[in-house]
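K.L.:
I would like the entire structure built from these sequences, with the hints used as guidance.
For the record, the sequence lines run as chains A and B.
Sequential numbering of the first sequence, starting at 104, is according to this note's numbering.
Sequential numbering of the second sequence, starting at 60, is according to this note's numbering.
Worth double-checking, as some hints may not be accurate.
To be verified - Below, in silico cross-link-like pairs of lysine-lysine (BS3-like), each with a Cα-Cα straight-line distance of 25 angstroms or less:
#, chain 1, residue 1, chain 2, residue 2
1, B, K128, A, K174
2, B, K108, A, K168
3, A, K120, A, K168
4, A, K120, A, K172
5, B, K155, B, K128
6, B, K117, A, K121
7, A, K172, B, K117
8, B, K128, A, K160
Said to hold, decoys possible - Residues on chain B that point at chain A, a partial pick, calculated with CB under 10 angstroms:
#, residue
9, Y95
10, T162
11, G165
Calculated from the structure, these hints are not laboratory results.
By construction, the Cβ of each residue, glycine as well, lies at the ideal position given by its N, Cα and C atoms.
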Amino acid sequence: EAQVTQNPRYLITVTGKKLTVTCSQNMNHEYMSWYRQDPGLGLRQIYYSMNVEVTDKGDVPEGYKVSRKEKRNFPLILESPSPNQTSLYFCASSSRDRGSYEQYFGPGTRLTVT
Amino acid sequence: AQSVTQLDSQVPVFEEAPVELRCNYSSSVSVYLFWYVQYPNQGLQLLLKYLSGSTLVKGINGFEAEFNKSQTSFHLRKPSVHISDTAEYFCAVSAKGAGNKLTFGGGTRVLVKP
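P.N.:
Dropping the structure here:
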């Protein structure tokens, strides 16, 4: 089954404790992205990757890091989480086949930073 | 840069009544347009997309949307809603040729009442 998986689904942590949220897709997609969802703001792009070893900042990259060492994986790293990073996070992937860039989303990771 | 405005944050509607969700966008370049749906505690699922051609686009679950270039709008409609349509709906745009960067509106929460 074609899918995007994220782990963990729920995470409660404390300020300053480094964490990683993993994302994996099995569709051989070139593009992968991370978004955060906050009430009233919709989804905002944090980082994206156009292929292996190619990443770039989205609209809200401060406080986040990413890496793309393999095509299928795109982990999101919070080196020193703060309470304003409490949010719902989505990973997405897409292919430029047919030029549509339709994105497929993971189930989400709800992060709480206390 | 692109921006998306969803004019209604919440839309209550009775079962079997029609619903229209409004979306306006701003962009200096040509765009692709999308509507996504998010059911409670789930990720986002594509409802429909406009890439080119006919301005009336039909999607899943009986939804359709009409692209109006002069008004820069992409309103979503369904002639008769069901309880199962209760969800949050997001309008999104991506600039043609800009890779996988999606810009989302703030979302419209639809509550279908019996």
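K.L.:
Each of the hints needs a verdict: does it hold here or not?
P.N.:
Structure-based check of all given hints:
1. K128(B) with K174(A): Outside the cut-off at roughly 36 angstroms; violated.
2. K108(B) with K168(A): 31 angstroms, violated
3. K120(A) with K168(A): 14 angstroms, holds
4. K120(A) with K172(A): 24 angstroms, holds
5. K155(B) with K128(B): Holds, because 15 angstroms separates the two Cα atoms, which is no more than 25 angstroms.
6. K117(B) with K121(A): Cα-Cα ~45 angstroms, so violated.
7. K172(A) with K117(B): 38 angstroms, violated
8. K128(B) with K160(A): 29 angstroms, violated
9. Y95: With a minimum Cβ separation of about 8 angstroms from chain A (threshold 10 angstroms), the hint on Y95(B) holds.
10. T162: Nearest chain A Cβ about 8 angstroms off; hint holds.
11. G165: 5 angstroms, holds
Of the numbered hints given earlier, the model fails hints 1, 2, 6, 7 and 8; all others are met.
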